[in-house]
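Required output: the full structure, derived from the provided sequences and hints.
Protein chains in written order, with full-length UniProt numbering: chain R, 1 to 72; chain B, 1 to 72.
What the hints contain is simulated information worked out from the structure, not anything from laboratory work.
No residue lacks a Cβ here, since even glycine has one placed at the ideal position from N, Cα and C.
If a hint is listed, it holds; no wrong ones were tucked in.
Chain B stretches covered by chain R per the calculated footprint, using a threshold of three residues with CB under 8 Å from any CB of chain R:
#1 25-38
#2 53-61
#3 66-72
Here are the simulated lysine-lysine pairs, BS3-like style, with alpha carbons at most 30 Å apart:
#4 Lys70(B) - Lys56(B)
#5 Lys20(R) - Lys56(B)
#6 Lys21(R) - Lys56(R)
#7 Lys56(R) - Lys70(R)
#8 Lys21(B) - Lys56(B)
#9 Lys18(B) - Lys56(B)
#10 Lys18(R) - Lys56(B)
#11 Lys56(R) - Lys56(B)
#12 Lys18(R) - Lys56(R)
#13 Lys70(B) - Lys18(R)
#14 Lys70(R) - Lys20(B)
#15 Lys70(R) - Lys20(R)
#16 Lys18(B) - Lys70(R)
#17 Lys20(B) - Lys56(R)
#18 Lys20(R) - Lys70(B)
#19 Lys21(B) - Lys56(R)
#20 Lys56(B) - Lys70(R)
#21 Lys70(B) - Lys21(R)
#22 Lys20(R) - Lys56(R)
#23 Lys56(R) - Lys18(B)
#24 Lys56(B) - Lys21(R)
#25 Lys56(R) - Lys70(B)
#26 Lys70(B) - Lys20(B)
#27 Lys20(B) - Lys56(B)
#28 Lys70(R) - Lys21(B)
Derived Cβ-Cβ restraints for the label pairs, each shown as a range:
#29 Pro35(R) - Glu15(B): 32 to 38 Å
#30 Gln26(B) - Arg25(R): 38 to 44 Å
#31 Ile7(R) - Asn44(B): 28 to 34 Å
Number of protein chains: 2
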Amino acid sequence: MNRKMEIIYVSNIAELRKQKKLTQRQLADLIGVDPSTIRNWERNRGGIETFMRLTKLCEALDCQPQDLFKSD
Amino acid sequence: MNRKMEIIYVSNIAELRKQKKLTQRQLADLIGVDPSTIRNWERNRGGIETFMRLTKLCEALDCQPQDLFKSD
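Structure representation (structure tokens):
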């Protein structure tokens, strides 16, 4: 029986935030979201799938996230 | 009356895709999403707001999108 090992990805945001010595509220204010959004992202709720899509999109287009937008 | 000018950002994905000479289907296959998702992103619908938040998140944490998650 060939069980395909599936890699499970988890959020790395809490570690990155602590390295920057930011609280969840401070990070939330920097981005303009509610602190509960930060908590959700850090607890793998409603974010990882989108992070991976954004990563693959930037890789496919050979660009940085900021390049995905332009001012109207 | 001091009307604060708010910059409106719009998707730049269609231009980036055409520069790479990719069709919507080809880009969709590269990322593992449905072509309709690419169409939505190019027309500023369905998730482009989240990409903007993630772009700000990467800037605030000084990281790349792929740093936002790790294998468990």
